[in-house]
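Visitor: Model the full structure from these sequences, guided by the hints.
Chains as they are written, first to last, in my numbering: chain A, 88 to 338; chain B, 96 to 423; chain C, 4 to 213.
Worth flagging that the hints you see were computed from the coordinates, not collected in a lab.
Hints are supplied without guarantee of correctness; some may be wrong.
[Stated by the list, open to error] Here are the simulated DSBU-like pairs of lysine-lysine, each with C-alpha atoms no more than 35 Å apart in a straight line: (1) Lys6(C) <-> Lys28(C); (2) Lys203(B) <-> Lys43(C); (3) Lys178(C) <-> Lys293(A); (4) Lys203(C) <-> Lys361(B); (5) Lys188(C) <-> Lys331(A); (6) Lys293(A) <-> Lys420(B); (7) Lys43(C) <-> Lys213(A); (8) Lys178(C) <-> Lys218(B); (9) Lys230(A) <-> Lys415(B); (10) Lys126(C) <-> Lys331(A); (11) Lys94(A) <-> Lys187(C); (12) Lys187(C) <-> Lys230(A); (13) Lys297(A) <-> Lys178(C); (14) Lys347(B) <-> Lys331(A); (15) Lys327(B) <-> Lys126(C); (16) Lys213(A) <-> Lys196(C); (17) Lys347(B) <-> Lys196(C); (18) Lys44(C) <-> Lys230(A); (19) Lys125(C) <-> Lys420(B); (20) Lys203(C) <-> Lys347(B); (21) Lys420(B) <-> Lys219(A); (22) Lys6(C) <-> Lys218(B); (23) Lys417(B) <-> Lys43(C); (24) Lys188(C) <-> Lys94(A); (25) Lys415(B) <-> Lys293(A); (26) Lys178(C) <-> Lys188(C); (27) Lys215(A) <-> Lys262(A); (28) Lys380(B) <-> Lys28(C); (29) Lys253(B) <-> Lys129(C); (30) Lys129(C) <-> Lys315(B); (31) Lys43(C) <-> Lys215(A); (32) Lys203(C) <-> Lys188(C); (33) Lys253(B) <-> Lys126(C); (34) Lys213(A) <-> Lys44(C); (35) Lys209(A) <-> Lys196(C); (36) Lys178(C) <-> Lys215(A); (37) Lys203(B) <-> Lys168(C); (38) Lys196(C) <-> Lys361(B); (39) Lys188(C) <-> Lys216(B); (40) Lys187(C) <-> Lys347(B).
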Amino acid sequence: MNEQAIKDLLYKLADDQLILGHRNSEWTGFGPILEEDIAFSSMAQDKIGHSLAFYTLLQEFGEADPDTVAFTRNANQFHSSQLVELPNGEYDFSLIRHFLYDNAEFIRFEMLAQSSYEPIAKVATKLKGEVKYHVLHANTWIKNLGSSTEEAILRLQSSLNEALPYALGMFEKSKYEQELIDTGVYAGEEAVKAEWLKRIQAVIEKTELKLPDLESTAPKYGGRYGDHTEHLQPLLDEMAEVFKIDPTAEW
Amino acid sequence: MYGGGNVFEATKFDTLQNEDPAKLAEFEARIARGEKIEPTDWMPELYRKQLIRMIEQHAHSEIIGALPEGTWITRAPGFRRKMAQMAKVQDEVGHAQLLYSAAETLGKSREQMLTDLINGKSKYSNVFNYPAFTWADSNIISWLIDAGAIVNQLANAKGSYGPYCRALDRICAEEAFHLKYGHDAVVHMATGSPKQREMIQAALNRWWTPIMHFFGPPDKMSTHTEILMRWKVKMASNDDMRQQFLDMYVPKIWELGLTVPDPNLKKNPETGKWDYTEPDWEEFKRVINGDGPCNAERLAVRRTAEERGAWVRRALLHPKAKYVKPLA
Amino acid sequence: MLKSLDPRVTRLNLPEGALPPAEPKPVLDQFETYETFHQKKEGAAYTYVGPVHAPNEEVAFLFSKEQYSRRAACSGMWVARTSHIMVTPYVGDDENVYDVIRLEEPTERSEQPEPYEIFHLKKRGKAHTHAGRVVATSYQEALQEAKRQFGDKGPIVNVWVVKSKHVLQSAEEDKDMWLTVPEKKYREATAYKVMDKITKYKEEQKSTAP
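Guide: Here you go:
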């Protein structure tokens, strides 16, 4: 089994969850409905918990401890997709991102639960119930708001148009893609994307939203190998602000 | 996170004279027997009014109380603290939800309460109008403000109104985590590097006055508070709660080698009570009436959340939906 | 723009200074309420935990899951719209409401008997718990049936009656949503133990004292 390939996979899974977890946590106290603040915070905690689980697996490959890995790297060392680092915007954008991201994430977890690499399979099996619920949350909201008032539909549509190129960027292939597929570690981005399209389309069809034409949408690739928007580095600085006062201290 | 204090306006006492004496006697007898009052029971208007006022202020204190510690959510150091800080602040929002619901059973809608909050018509605990300058400030809030709140909430959980008691039982169970988490964080700072120690001492110095304010001004017993105590609306006096807090937490502060910025603070061996310098009660009044360091920002944030979220509520509001207050 | 100590607030791009007066909004810019019941563990009776505001049943279920089952073990959840629940009067703690109420003639009957869920409050200030299910053609008949089946077990202060079809019940396959809740130790007081640190600190102070 190629260690580099598995590490590459773990980094992208962990970094995505870490960054989106932080973005989701920003809603605490600011949400459109009290109950929804609470929901975003739960999902934030779950996601950060998932990233911790994957960083812990990385540690077994000789990487530094999870705190060091998560809070001392710079943006160009991050493997997260650009989708997750974008600022929250208003609730419509956060919701659309959540919908696009978590539908893909759940498929990844379902596939990883079947992985030939047992430590990943174990983590994915244990945590996939949480992601399943994140999908339920996202889909319920999209179905409800996506067929409500003109105002809501317009907002969601414009956020969908804006987020889609970034969402397609989630499926940027790994340097080790074929190897991961051949060894049965991971079914690969093409497979995730195909299933993802089916699932999001099934939800969108129940609403008045339209999925923009995919042929003419250029995916925003680059995030998997350190190419990020201007939004990531300031967020990383913020996440590590206290930790960096004294990285050797116990906080 | 609510410390009580200064919540009861001087209502005209003679409103009681309009109440049916037989019903009033039955109501008082029920409370005297230790039975709880439930939403559909007959109750004097004064009872209803003061309870709404108290529970509403408590709820506002939770939702606004989420903001000072929220300041540090994205910056909490390391995984362990990050997840706990998120969960802790999330709980405060959850507590607001529980408390608004309890107040709703008395007949004021959550929407109306939130509107009154945004327009500055309702009060909330003054401590949340102070800034959390550093991570250490957030730790002091998590430990000592929550500790103060628990003193108050445990007392109120023995009050007479069923829905409020149910909410408080739930809240107190969750606060046990807050208190331990806050203490844990403070201990790590106080026994950590010199820089950490300096940060936590500075934060304690900044928060001491707000903590002393938290329980409200010294008691002046009036017939008014007497009746509220008989009805088990107000369960303990401000001074009693402050003393109880000092008793439980000053030794825990001192054992960490931290100092409290009040040279007069000591337990009086004769009275068994704590002597302390009265905090500046003029400042308390100023802050609670809107002129604190963060009042404007706190309300602006709350209002923005309401205004920017309005399209979501508008989109889903069922035209025929009829509001019914929650049952219990 | 307002620069706050809280970077999240800074990103809200609020104007600096006082805001203009709030626009008046239409009354009741809020949702209906739904009542939530949870099951602590397999086989335990469903117990009332509290209300949520939601636009419909399925969103109410999501909200209830967040508000009432994120902090403690849970194996199932029920949600019912408040207005669908019929409530009897409340009696005193040592009384039985079934002995006190006069069962009225039903104003509405269904053609076919249908199931109703019955909840009892045993003591004021506590929470309603599920007593069982009865089959009836009206709320009144359901209450009568409930009295016959479960009405003689000690003091019952208050009863809630709701048609089973009005209760959204979590399904068997929903259970994995709660699978990891008990593992989230960072939300529990027991995860924080600092006595060792305090003791060590005190000893160090003693040994360095002059």
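Visitor: Could you check the structure against the hints above and give me the numbers of any it violates, in ascending order?
Guide: 8, 10 and 39
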